[in-house]
Amino acid sequence: MSSAQIEIQLIASLVAVACAIPGTFLVLRKMAMISDAISHSILPGIVIGFFITHDLNSPLLILLAAFTGIITVVLVEYIQKTGLVKEDTAIGLVFPALFSIGVIMIAKNANDVHLDVDAVLLGELAFAPFDRLIIGGTDVGPKSLWIIGMILLITISLLIAFFKELKVSTFDKGLAASLGFSPAIIHYGLMSVSSVTTVGAFDAVGAILVVALMIAPAATAYLLTTDLKKMLALSIGFGIFSAVFGYWVAHWLDASIAGSITTVLGLVFLLVYLFAPSKGVIAVMYREKQQRKEVSLLTFLLHLKNHDEISERHVKHLNEHINWQKVRSRSVLDLALKNNMIDIENQIVSLTKKGDEFTSKAIDYIITNRDAQIEDMKDDFFLFRG
Amino acid sequence: MRFLLSQEFVDIKEYIELVFTDYTLRTITLGTAILGAVTGMLGSFAVLRKQSLLGDAISHAALPGIAIAFLITGAKDTNTLLLGALVSGLIGTFWIRGIVTKTHLKSDTALGLILSLFFGFGMLLLTFIQKQPNANQAGLDKYLFGQAATLVESDVWTMAIVTGICLLVMLTFWKEFKILLFDADYTKTLGFNTKTIDILITSFIVLAIVLGLQTVGVVLMSAMLLAPAAAARQWTNSLSVMVLLAAIFGAFSGVFGTAISASQNNLSTGPVIVLVASVFVAFSFIFSPSRGLLFKQIRFIKNRRDLELHKTLAFMYNIAETHEDISHPHAIKLLNNFQGYTRSTLQKLVDKDYVKIDGNMWSLTERGFETASNLYTKQSTEDE
Numbered sequence: 001m002s003s004a005q006i007e008i009q010l011i012a013s014l015v016a017v018a019c020a021i022p023g024t025f026l027v028l029r030k031m032a033m034i035s036d037a038i039s040h041s042i043l044p045g046i047v048i049g050f051f052i053t054h055d056l057n058s059p060l061l062i063l064l065a066a067f068t069g070i071i072t073v074v075l076v077e078y079i080q081k082t083g084l085v086k087e088d089t090a091i092g093l094v095f096p097a098l099f100s101i102g103v104i105m106i107a108k109n110a111n112d113v114h115l116d117v118d119a120v121l122l123g124e125l126a127f128a129p130f131d132r133l134i135i136g137g138t139d140v141g142p143k144s145l146w147i148i149g150m151i152l153l154i155t156i157s158l159l160i161a162f163f164k165e166l167k168v169s170t171f172d173k174g175l176a177a178s179l180g181f182s183p184a185i186i187h188y189g190l191m192s193v194s195s196v197t198t199v200g201a202f203d204a205v206g207a208i209l210v211v212a213l214m215i216a217p218a219a220t221a222y223l224l225t226t227d228l229k230k231m232l233a234l235s236i237g238f239g240i241f242s243a244v245f246g247y248w249v250a251h252w253l254d255a256s257i258a259g260s261i262t263t264v265l266g267l268v269f270l271l272v273y274l275f276a277p278s279k280g281v282i283a284v285m286y287r288e289k290q291q292r293k294e295v296s297l298l299t300f301l302l303h304l305k306n307h308d309e310i311s312e313r314h315v316k317h318l319n320e321h322i323n324w325q326k327v328r329s330r331s332v333l334d335l336a337l338k339n340n341m342i343d344i345e346n347q348i349v350s351l352t353k354k355g356d357e358f359t360s361k362a363i364d365y366i367i368t369n370r371d372a373q374i375e376d377m378k379d380d381f382f383l384f385r386g
Numbered sequence: 001m002r003f004l005l006s007q008e009f010v011d012i013k014e015y016i017e018l019v020f021t022d023y024t025l026r027t028i029t030l031g032t033a034i035l036g037a038v039t040g041m042l043g044s045f046a047v048l049r050k051q052s053l054l055g056d057a058i059s060h061a062a063l064p065g066i067a068i069a070f071l072i073t074g075a076k077d078t079n080t081l082l083l084g085a086l087v088s089g090l091i092g093t094f095w096i097r098g099i100v101t102k103t104h105l106k107s108d109t110a111l112g113l114i115l116s117l118f119f120g121f122g123m124l125l126l127t128f129i130q131k132q133p134n135a136n137q138a139g140l141d142k143y144l145f146g147q148a149a150t151l152v153e154s155d156v157w158t159m160a161i162v163t164g165i166c167l168l169v170m171l172t173f174w175k176e177f178k179i180l181l182f183d184a185d186y187t188k189t190l191g192f193n194t195k196t197i198d199i200l201i202t203s204f205i206v207l208a209i210v211l212g213l214q215t216v217g218v219v220l221m222s223a224m225l226l227a228p229a230a231a232a233r234q235w236t237n238s239l240s241v242m243v244l245l246a247a248i249f250g251a252f253s254g255v256f257g258t259a260i261s262a263s264q265n266n267l268s269t270g271p272v273i274v275l276v277a278s279v280f281v282a283f284s285f286i287f288s289p290s291r292g293l294l295f296k297q298i299r300f301i302k303n304r305r306d307l308e309l310h311k312t313l314a315f316m317y318n319i320a321e322t323h324e325d326i327s328h329p330h331a332i333k334l335l336n337n338f339q340g341y342t343r344s345t346l347q348k349l350v351d352k353d354y355v356k357i358d359g360n361m362w363s364l365t366e367r368g369f370e371t372a373s374n375l376y377t378k379q380s381t382e383d384e
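Protein chains in written order, with my numbering: chain A, 1 to 386; chain B, 1 to 384.
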């Protein structure tokens with residue numbers, strides 16, 4: 001590994017961490033799309049800043065761009081408040097307009113501006129190590145490393161200082177307001193941090209891919225935990241992993257580093273989305289199937305309890321009368337037998353003592369509108385789940 | 001656009017003539033107009049279904065499809081690439097739906113995820129293609145920002161045919177679309193297959209977005225879907241009128257946007273069209289008679305005036321009440337410490353024959369007294 005490679009991975013990891021922190025809160029506050037809006041609408045800010053400073057890494061440019069990001073948020077909220085359109089429409093109206101202004105400004109001044117829309121949107125991490133910061137004649141490292149490092153430092157200190165406030169206002173706005181934390185200040189604080197991070201990261205990974213680094217690790221982590229601190233830690237972990245692994249994939253494919261980081265993020269999300277222990281798609285589908293079977297079982301047991309006649313309790317009756325498919329009635333019967341809820345004698349089904357007790361309790365809960373407690377009761381009665 | 005480089009400014013009449021004679025300009029104008037109309041039409045449904053940002057997500061999600069279609073076929077045929085875009089857009093849409101229904105992640109997270117992940121993957125593929133020893137790959141990135149100038153007549157025909165199909169399907173299933181839009185549960189109880197209708201609408205939205213990729217590009221396509229519909233929404237409460245208006249707004253955005261970008265150097269068509277559409281939205285937000293901000297503000301001020309007039313009247317009533325003769329004159333000065341009183345409200349009260357003014361004195365008329373006493377009882381019953 002050359003030092004340039006190490007530096008690229010370091011920058012990518014720092015960007016990932018700096019994005020993961022505000023990203024977690026954006027995802028929890030259901031404002032994920034705001035980051036997309038900001039990442040597009042900072043373009044005019046960057047262009048104006050560039051006209052003034054002629055330096056893509058100047059602090060003024062970052063400030064101006066972050067300011068445009070906040071203008072976006074304010075505009076979106078203003079349009080939302082008028083109630084003329086639904087909230088998400090407001091986002092969708094504001095950022096393309098601002099982005100178009102940016103693109104037109106670049107196009108009109110294409111001759112004397114060395115600024116490319118592609119560069120702003122997509123970034124090129126591979127060139128980051130060549131733009132070095134030199135203080136007093138000594139080389140102290142790539143400029144973007146310092147910029148993103150500073151932003152990360154500010155983000156982390158703000159996070160530590162206001163963790164409690166952020167947490168409360170994220171999960172219970174009303175409580176936060178009544179405790180005296182101004183929701184507006186926290187909201188705009190978070191928005192400002194997101195704007196600054198987006199701007200700081202845009203020349204490394206590109207504005208749009210900042211969105212991926214903000215949302216994907218947080219969403220992935222959210223599928224695995226419901227603890228805020230764990231979620232933060234996990235999303236930082238996913239971010240760093242994708243940054244480093246993505247770099248090597250890009251190296252191997254000889255393609256865009258930002259693109260490959262996002263692809264790795266996507267694969268990680270896909271894996272977790274499918275296989276997360278309790279919230280993954282497979283787990284959810286398995287649980288749904290189990291629930292469906294158990295509800296069938298309960299229906300069947302209730303039926304048995306209601307009918308003493310032999311004709312109503314014949315095994316075949318399930319197919320004929322209740323209109324269940326063969327396989328389904330077979331599996332329901334098996335489940336009931338395994339749990340010692342029923343006896344089958346000469347094809348006639350009858351409730352066991354345990355089955356009777358279970359059914360009576362279930363009826364009790366159903367009549368008194370406490371259906372949810374059936375779920376707890378299942379743990380006491382079932383040896384095997386559906 | 002390049003073909004007008006020599007002319008800094010084209011006057012309107014000359015421009016209109018040019019639209020009919022110049023092949024490129026005619027194609028682009030027609031193409032953007034049709035595109036605007038179809039996106040406006042379908043966008044109305046997206047906006048009303050609160051799926052405004054779906055367009056943004058889909059247009060980004062279409063990018064890897066374009067790249068993969070190119071990788072597989074090696075050809076730059078527009079229709080093949082757009083087919084790829086359609087497939088990957090649909091995959092993105094259904095994944096979003098999967099995330100929202102199967103997990104506890106909210107729709108905004110799902111949209112942002114799919115948008116950025118697919119786009120990033122698309123970028124990876126595009127850069128990968130660029131490094132391939134295949135000279136044919138240049139021009140794929142026009143789908144990022146769109147290049148209306150590359151439209152040819154066959155593209156316009158494709159758009160027209162797709163628009164025709166959209167229109168046909170929309171008219172056939174108008175009733176179903178409408179009822180699903182406003183009351184999904186009721187639709188289900190009526191026995192309609194809501195899933196199929198839903199998929200039908202969504203697929204057509206995806207189709208419209210994919211059509212626009214070549215002209216407006218991935219990044220700005222969502223605005224084409226939203227802006228005309230959001231503007232149209234302000235002028236009407238009827239779905240059919242809204243769809244029609246949105247189509248008209250969309251078409252005009254296309255035509256005007258093309259005209260503006262053609263009359264200037266170095267102006268790409270896509271962003272200009274989006275800006276024109278945004279102007280339509282801003283205009284509608286402000287000047288729509290029933291919902292617009294301007295008239296809302298005027299109504300607000302008028303209501304406040306009315307309230308203040310009532311306040312002044314009630315104050316006068318309170319004074320007059322203490323006297324045996326209700327028309328006993330009082331000094332105007334008495335009202336001065338009261339905020340609701342202005343010269344114009346006083347004049348209004350005179351006009352309504354509630355009050356008589358004689359020099360510096362005012363007195364309540366019989367009618368004024370009666371109105372004020374009713375006003376008072378009304379208020380007091382409302383308070384209780």
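Hints were generated in silico from the structure; no laboratory data involved.
It cannot be assumed that every hint is accurate.
[What the hints assert, rightly or not] Only pairs whose alpha carbons sit at most 30 Å apart, straight line, appear in this in silico DSSO-like list of lysine-lysine:
| no. | chain 1 | residue 1 | chain 2 | residue 2 |
| --- | --- | --- | --- | --- |
| 1 | A | Lys86 | A | Lys143 |
| 2 | A | Lys30 | B | Lys106 |
| 3 | A | Lys30 | B | Lys102 |
| 4 | A | Lys81 | B | Lys50 |
| 5 | A | Lys229 | A | Lys167 |
| 6 | A | Lys229 | B | Lys106 |
| 7 | A | Lys86 | B | Lys195 |
| 8 | B | Lys50 | B | Lys188 |
| 9 | A | Lys173 | B | Lys302 |
| 10 | A | Lys143 | A | Lys164 |
| 11 | B | Lys302 | A | Lys86 |
| 12 | A | Lys81 | B | Lys142 |
| 13 | A | Lys293 | A | Lys361 |
| 14 | B | Lys188 | A | Lys167 |
| 15 | A | Lys229 | A | Lys293 |
| 16 | B | Lys106 | A | Lys81 |
| 17 | A | Lys30 | B | Lys195 |
| 18 | B | Lys102 | A | Lys378 |
| 19 | A | Lys289 | B | Lys102 |
| 20 | B | Lys76 | A | Lys81 |
| 21 | A | Lys86 | B | Lys188 |
| 22 | B | Lys302 | A | Lys30 |
| 23 | A | Lys108 | A | Lys30 |
| 24 | B | Lys195 | A | Lys293 |
| 25 | A | Lys173 | A | Lys289 |
These are the hints, each one checked on the structure:
Between Lys86 (chain A) and Lys143 (chain A) the CA atoms are separated by roughly 42 Å; this puts the pair beyond 30 Å, and the hint is violated. In summary, the hint linking Lys30 (chain A) to Lys106 (chain B) is supported, as the alpha carbons are separated by about 7 Å, within the 30 Å threshold. For the hint linking Lys30 (chain A) to Lys102 (chain B), the alpha-carbon distance of about 17 Å falls within 30 Å, and the restraint holds. At most 30 Å may separate the alpha-carbon atoms for a hinted pair to count; Lys81 (chain A) and Lys50 (chain B) meet this at roughly 16 Å.
With a C-alpha separation of about 10 Å, the suggested pair Lys229 (chain A) and Lys167 (chain A) falls inside the 30 Å cut-off, and the hint holds. With a CA separation close to 20 Å, the supplied pair Lys229 (chain A) and Lys106 (chain B) stays within the 30 Å bound. The hinted pair formed by Lys86 (chain A) and Lys195 (chain B) meets the criterion: a straight-line CA distance of about 24 Å does not exceed 30 Å. At most 30 Å may separate the alpha-carbon atoms for a hinted pair to count; Lys50 (chain B) and Lys188 (chain B) meet this at roughly 19 Å.
A distance of roughly 35 Å separates the Cα atoms of Lys173 (chain A) and Lys302 (chain B); the hinted pair therefore is violated under the 30 Å criterion. Proximity of Lys143 (chain A) to Lys164 (chain A) is assessed by CA-CA distance (about 33 Å); at most 30 Å being required, the pair is judged violated. Annotation: proposed proximity of Lys302 (chain B) to Lys86 (chain A) holds, straight-line Cα distance about 27 Å (limit 30 Å). Distance restraint check for Lys81 (chain A) and Lys142 (chain B): the Cα-Cα separation of roughly 37 Å exceeds the 30 Å cut-off, and the hinted pair is therefore not satisfied.
Taking the CA atoms of Lys293 (chain A) and Lys361 (chain A), the gap is near 19 Å; set against the 30 Å cutoff, the hint holds. Among the hinted pairs, Lys188 (chain B) with Lys167 (chain A) is inconsistent with the structure: their alpha-carbon atoms are about 40 Å apart, more than 30 Å. Of the supplied pair hints, the one linking Lys229 (chain A) and Lys293 (chain A) is violated, its CA atoms being roughly 37 Å apart against a limit of 30 Å. Distance hint between Lys106 (chain B) and Lys81 (chain A) is fulfilled; the C-alpha atoms sit about 22 Å from each other, no more than 30 Å.
Restraint check for Lys30 (chain A) and Lys195 (chain B): the C-alpha separation of about 26 Å stays at or below 30 Å, so the hint holds. Taking the CA atoms of Lys102 (chain B) and Lys378 (chain A), the gap is near 24 Å; set against the 30 Å cutoff, the hint holds. A distance of roughly 13 Å separates the Cα atoms of Lys289 (chain A) and Lys102 (chain B); the hinted pair therefore holds under the 30 Å criterion. Annotation: proposed proximity of Lys76 (chain B) to Lys81 (chain A) is violated, straight-line Cα distance about 46 Å (limit 30 Å).
As the CA atoms of Lys86 (chain A) and Lys188 (chain B) are separated by approximately 25 Å, the hinted pair is consistent with the 30 Å bound. Distance hint between Lys302 (chain B) and Lys30 (chain A) is unfulfilled; the C-alpha atoms sit about 38 Å from each other, more than 30 Å. Between Lys108 (chain A) and Lys30 (chain A) the alpha-carbon distance is near 37 Å, which puts this suggested pair outside the 30 Å criterion. Under the criterion of a C-alpha separation no larger than 30 Å, the hint pairing Lys195 (chain B) with Lys293 (chain A) is consistent with the structure, at around 24 Å.
As the CA atoms of Lys173 (chain A) and Lys289 (chain A) are separated by approximately 37 Å, the hinted pair breaks the 30 Å bound.
Of the numbered hints stated above, those contradicted by the structure are hints 1, 9, 10, 12, 14, 15, 20, 22, 23, 25, listed in ascending order.
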